[in-house]
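Engineer: The task is simple: from the sequences and hints, build the whole structure.
Protein chains: 2
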Amino acid sequence: MNVDGERFLKDLHQLRSFGASGTGKGVVRPAYSSADIAAREWLADRMRDAGLDVRFDPVGNLWGLSEGKSLLIGSHSDSQPEGGWLDGALGVVMGLELARAAREAGGPAVSVVSFQDEEGRFGVTTGSAIWSGGLSLEHADHLTDSTGTSFGAARAAMAHLAQDFVDPARFSGFVECHIEQGPWLDEAGQSIGVVTDIVGIRDMRITFEGAQNHAGTTPMHLRRDAFQALSAFNTALNDRLRNVVTPASVWTIGHVHLHPGAHSIVPGKVVFSMQWRDGESVRLGRMEKVIRDTAAEIADTMGMGLSFSEMLGLEPVAMARPLRAAIADAAQQVAPGKWREMQSGALHDATNVAALMPAAMMFVPSINGISHAFEEDTDEDDLLCGLNVLAQALPALAGAGH
Amino acid sequence: MNVDGERFLKDLHQLRSFGASGTGKGVVRPAYSSADIAAREWLADRMRDAGLDVRFDPVGNLWGLSEGKSLLIGSHSDSQPEGGWLDGALGVVMGLELARAAREAGGPAVSVVSFQDEEGRFGVTTGSAIWSGGLSLEHADHLTDSTGTSFGAARAAMAHLAQDFVDPARFSGFVECHIEQGPWLDEAGQSIGVVTDIVGIRDMRITFEGAQNHAGTTPMHLRRDAFQALSAFNTALNDRLRNVVTPASVWTIGHVHLHPGAHSIVPGKVVFSMQWRDGESVRLGRMEKVIRDTAAEIADTMGMGLSFSEMLGLEPVAMARPLRAAIADAAQQVAPGKWREMQSGALHDATNVAALMPAAMMFVPSINGISHAFEEDTDEDDLLCGLNVLAQALPALAGAGH
Numbered sequence: 001m002n003v004d005g006e007r008f009l010k011d012l013h014q015l016r017s018f019g020a021s022g023t024g025k026g027v028v029r030p031a032y033s034s035a036d037i038a039a040r041e042w043l044a045d046r047m048r049d050a051g052l053d054v055r056f057d058p059v060g061n062l063w064g065l066s067e068g069k070s071l072l073i074g075s076h077s078d079s080q081p082e083g084g085w086l087d088g089a090l091g092v093v094m095g096l097e098l099a100r101a102a103r104e105a106g107g108p109a110v111s112v113v114s115f116q117d118e119e120g121r122f123g124v125t126t127g128s129a130i131w132s133g134g135l136s137l138e139h140a141d142h143l144t145d146s147t148g149t150s151f152g153a154a155r156a157a158m159a160h161l162a163q164d165f166v167d168p169a170r171f172s173g174f175v176e177c178h179i180e181q182g183p184w185l186d187e188a189g190q191s192i193g194v195v196t197d198i199v200g201i202r203d204m205r206i207t208f209e210g211a212q213n214h215a216g217t218t219p220m221h222l223r224r225d226a227f228q229a230l231s232a233f234n235t236a237l238n239d240r241l242r243n244v245v246t247p248a249s250v251w252t253i254g255h256v257h258l259h260p261g262a263h264s265i266v267p268g269k270v271v272f273s274m275q276w277r278d279g280e281s282v283r284l285g286r287m288e289k290v291i292r293d294t295a296a297e298i299a300d301t302m303g304m305g306l307s308f309s310e311m312l313g314l315e316p317v318a319m320a321r322p323l324r325a326a327i328a329d330a331a332q333q334v335a336p337g338k339w340r341e342m343q344s345g346a347l348h349d350a351t352n353v354a355a356l357m358p359a360a361m362m363f364v365p366s367i368n369g370i371s372h373a374f375e376e377d378t379d380e381d382d383l384l385c386g387l388n389v390l391a392q393a394l395p396a397l398a399g400a401g402h
Numbered sequence: 001m002n003v004d005g006e007r008f009l010k011d012l013h014q015l016r017s018f019g020a021s022g023t024g025k026g027v028v029r030p031a032y033s034s035a036d037i038a039a040r041e042w043l044a045d046r047m048r049d050a051g052l053d054v055r056f057d058p059v060g061n062l063w064g065l066s067e068g069k070s071l072l073i074g075s076h077s078d079s080q081p082e083g084g085w086l087d088g089a090l091g092v093v094m095g096l097e098l099a100r101a102a103r104e105a106g107g108p109a110v111s112v113v114s115f116q117d118e119e120g121r122f123g124v125t126t127g128s129a130i131w132s133g134g135l136s137l138e139h140a141d142h143l144t145d146s147t148g149t150s151f152g153a154a155r156a157a158m159a160h161l162a163q164d165f166v167d168p169a170r171f172s173g174f175v176e177c178h179i180e181q182g183p184w185l186d187e188a189g190q191s192i193g194v195v196t197d198i199v200g201i202r203d204m205r206i207t208f209e210g211a212q213n214h215a216g217t218t219p220m221h222l223r224r225d226a227f228q229a230l231s232a233f234n235t236a237l238n239d240r241l242r243n244v245v246t247p248a249s250v251w252t253i254g255h256v257h258l259h260p261g262a263h264s265i266v267p268g269k270v271v272f273s274m275q276w277r278d279g280e281s282v283r284l285g286r287m288e289k290v291i292r293d294t295a296a297e298i299a300d301t302m303g304m305g306l307s308f309s310e311m312l313g314l315e316p317v318a319m320a321r322p323l324r325a326a327i328a329d330a331a332q333q334v335a336p337g338k339w340r341e342m343q344s345g346a347l348h349d350a351t352n353v354a355a356l357m358p359a360a361m362m363f364v365p366s367i368n369g370i371s372h373a374f375e376e377d378t379d380e381d382d383l384l385c386g387l388n389v390l391a392q393a394l395p396a397l398a399g400a401g402h
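Chain order of the listed sequences is C and P. Just so we're aligned: 360 in full-length UniProt numbering is position 360 of the first sequence, and the numbers increase by one with no gaps anywhere. Just so we're aligned: 156 in full-length UniProt numbering is position 156 of the second sequence, and the numbers increase by one with no gaps anywhere.
No lab work stands behind these hints, which were simulated from the structure alone. From a predicted model like this one, the values you see are computed outputs, not experimental measurements. Be careful, since some hints might not be right.
Facing chain P, according to a computed beta carbon distance under 8 Å, are these residues of chain C, among others [stated by the list, open to error]:
| id | residue |
| --- | --- |
| 1 | G182 |
| 2 | D203 |
| 3 | G216 |
| 4 | L222 |
| 5 | F227 |
| 6 | T252 |
| 7 | I253 |
| 8 | H263 |
| 9 | S264 |
| 10 | V266 |
| 11 | Q275 |
| 12 | G279 |
Listed below are the simulated DSS-like cross-link pairs for lysine-lysine, each with C-alpha atoms no more than 25 Å apart in a straight line [stated by the list, open to error]:
| id | chain 1 | residue 1 | chain 2 | residue 2 |
| --- | --- | --- | --- | --- |
| 13 | C | K269 | P | K269 |
| 14 | C | K25 | P | K25 |
| 15 | P | K25 | P | K10 |
| 16 | C | K289 | C | K269 |
| 17 | C | K10 | C | K25 |
| 18 | P | K289 | P | K269 |
Computed, partial: chain C to chain P, Cβ under 7 Å [said to hold, decoys possible]:
| id | residue |
| --- | --- |
| 19 | Q181 |
| 20 | N234 |
| 21 | V256 |
| 22 | L258 |
| 23 | H259 |
| 24 | G261 |
| 25 | R277 |
| 26 | S281 |
| 27 | A346 |
| 28 | N368 |
Built from N, CA and C at the ideal position, the CB exists for glycine as well.
Structural biologist: Here you go:
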């Protein structure tokens, strides 16, 4: 079986013309935008040209189906509000080229998917979460984006294309190629990452409520300053988590809202995001306990009200060993010494699909670790290396699930 | 000379009907709102009834003038967006009653003022700053409020009332009665604060710039997280300022903007407010050095870009000794053992007027120290006590400037 690297790169560059940002190779193609829908219709045409049976499902996931039992390869073609050209798109176009080359070679059977709203305009990996049963369509329809538009209203823009959901029993397994979105492969000068597991995530909002006061007339010792509570919490948390975590654990306070947020007013309230990720559920739980206990202690010491929002989370997911092994063997043949096994610190559609069938992921490097930005990029040699590794692995991948 | 406490309280309650919030005694009467202009026209009528010569100047400061050289008494009648009924209004209505009673008694000559935009819809104590020469009208006209309306456009709503600016040489001195806006008098069960000086203020924005990154794929040791820099700065600053300040010094981080402000993104940039106040210019300077040095050290240690905005500031202002002494003597006669000398931690119109003539301030208690809120209040007994102290002091106050 011969993949066509030139055809693959040409499709990949063509895809970034939908929603081109005008800055480098960046794209603006959020889920259900006109650029996203146009890109999906163009991808559907490419799938038809390759002889695949094209199907849009009720949430806008795009499928290019082979007859009978097949290996599913893909990712997503929606982007962040300011996104790169490869995040998601790479996995979809690589699936297209592999399905096309496999059909030209007379097998094995490969189907292709572009999931919808992986980037979470409405939720987290919304399209694959609904398809895999992790999120009900009824619940999803009431999710809203940052402007208040509901998922139900947004997916209506693709209603004229929609057919039924695709039966997961058609597929023997799922493989997703994605950019790493981290620095490890690029720093090591390696081309391929074989993913061992996708980390789990916990996410909530924490609120400290003190007393709003005049910043001129309220002496320091009488203040109950919500920002000071946040700062003390952060300092104590960093100290205490060190005893619980591994070097691969991460935690982030990325959003902070002070009320009322004025120079001359001691802030009476702060609402902030607390997110943490780890490869093991038990450790995620231990981190949660440290976070809740530390917040309670700070609130108690500083005379603050404390509340936690509902905690959202996804469990860590191990990749299927036979599929992992097939990719690792191929990587060793195609790029000896230039690949490694590694964890995925980001969520992917494979997290959801793994609930239904054996699933695996492969990474290619992100230059300087940059993603979710117009500057996101990968060397063409590495893109082609990724294509060649999966082409080499294809017989074993297709055979593993049968 | 006999002041009429009942008439004074009636006027004070009548004034809060302009822009009444419907919550307690609260008012919504920001500068140049229709409620603010209507309140000023009502005050102008009361001044005319008292036999004063009424004048609005080009920025909407309202004057009730006595013939010849006079003592100026007043404050402001605009309010915060969610304000109390006494902040500013008390000083204006007290000036009105004192001028009225003094005219009835045949002297001394008292004029009244209600400055415009003390609450800083456009600047800081805007109306008195322009009148006193601290802010040029040309510069002020380009200041904008939070909705983008310019000061020039806003003051046009009072253009039909406007005459010339009033000559400061008409006045022998200025006295402002104001609520304390802090907890000290209320906690001590005292009725009168004789202000020794108004603290100085410094205010700027500080920016730390690190690297925006994916919160799942960026390991902790490779992050340059702007929120972490802010937290480390705050912790170090609190430690170091303790060696420089007095118990009356205050510093506040009241506004924090993280970029991009998402749960899943390591924040690459933070812009935050840094404000500090103290009664001595030298100490304000020492605090500034600690703030700048600490920020530079944190930026250096954590690999952050650092920038400071222009620093705004007002110097501490000492109240005029003869006027202070006149108020203190009267307080000792009217409320023996129930008054104290104290600093003002808040800015007031007196800060500006002190550049032109001897100026003094007197505080009455704020219940629970609350101000800039609908709940702001003061016991009627304390309001009347304040009126009686200034009435008692009036001959000495009027004599002091001649």
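Engineer: Hints first: check each against the structure and report whether it holds.
Structural biologist: A quick look at each hint next to the structure:
no.: 1; hint: G182; verdict: holds (3 Å)
no.: 2; hint: D203; verdict: holds (6 Å)
no.: 3; hint: G216; verdict: holds (4 Å)
no.: 4; hint: L222; verdict: holds (6 Å)
no.: 5; hint: F227; verdict: holds (5 Å)
no.: 6; hint: T252; verdict: holds (4 Å)
no.: 7; hint: I253; verdict: holds (5 Å)
no.: 8; hint: H263; verdict: holds (4 Å)
no.: 9; hint: S264; verdict: holds (7 Å)
no.: 10; hint: V266; verdict: holds (6 Å)
no.: 11; hint: Q275; verdict: holds (5 Å)
no.: 12; hint: G279; verdict: violated (11 Å)
no.: 13; hint: K269/C with K269/P; verdict: holds (22 Å)
no.: 14; hint: K25/C with K25/P; verdict: violated (59 Å)
no.: 15; hint: K25/P with K10/P; verdict: holds (14 Å)
no.: 16; hint: K289/C with K269/C; verdict: holds (23 Å)
no.: 17; hint: K10/C with K25/C; verdict: holds (14 Å)
no.: 18; hint: K289/P with K269/P; verdict: holds (23 Å)
no.: 19; hint: Q181; verdict: holds (4 Å)
no.: 20; hint: N234; verdict: holds (4 Å)
no.: 21; hint: V256; verdict: holds (5 Å)
no.: 22; hint: L258; verdict: holds (5 Å)
no.: 23; hint: H259; verdict: violated (10 Å)
no.: 24; hint: G261; verdict: holds (5 Å)
no.: 25; hint: R277; verdict: holds (5 Å)
no.: 26; hint: S281; verdict: violated (16 Å)
no.: 27; hint: A346; verdict: holds (4 Å)
no.: 28; hint: N368; verdict: violated (10 Å)
In terms of the numbered hints stated before, the structure departs from hints 12, 14, 23, 26, 28, listed from lowest to highest.
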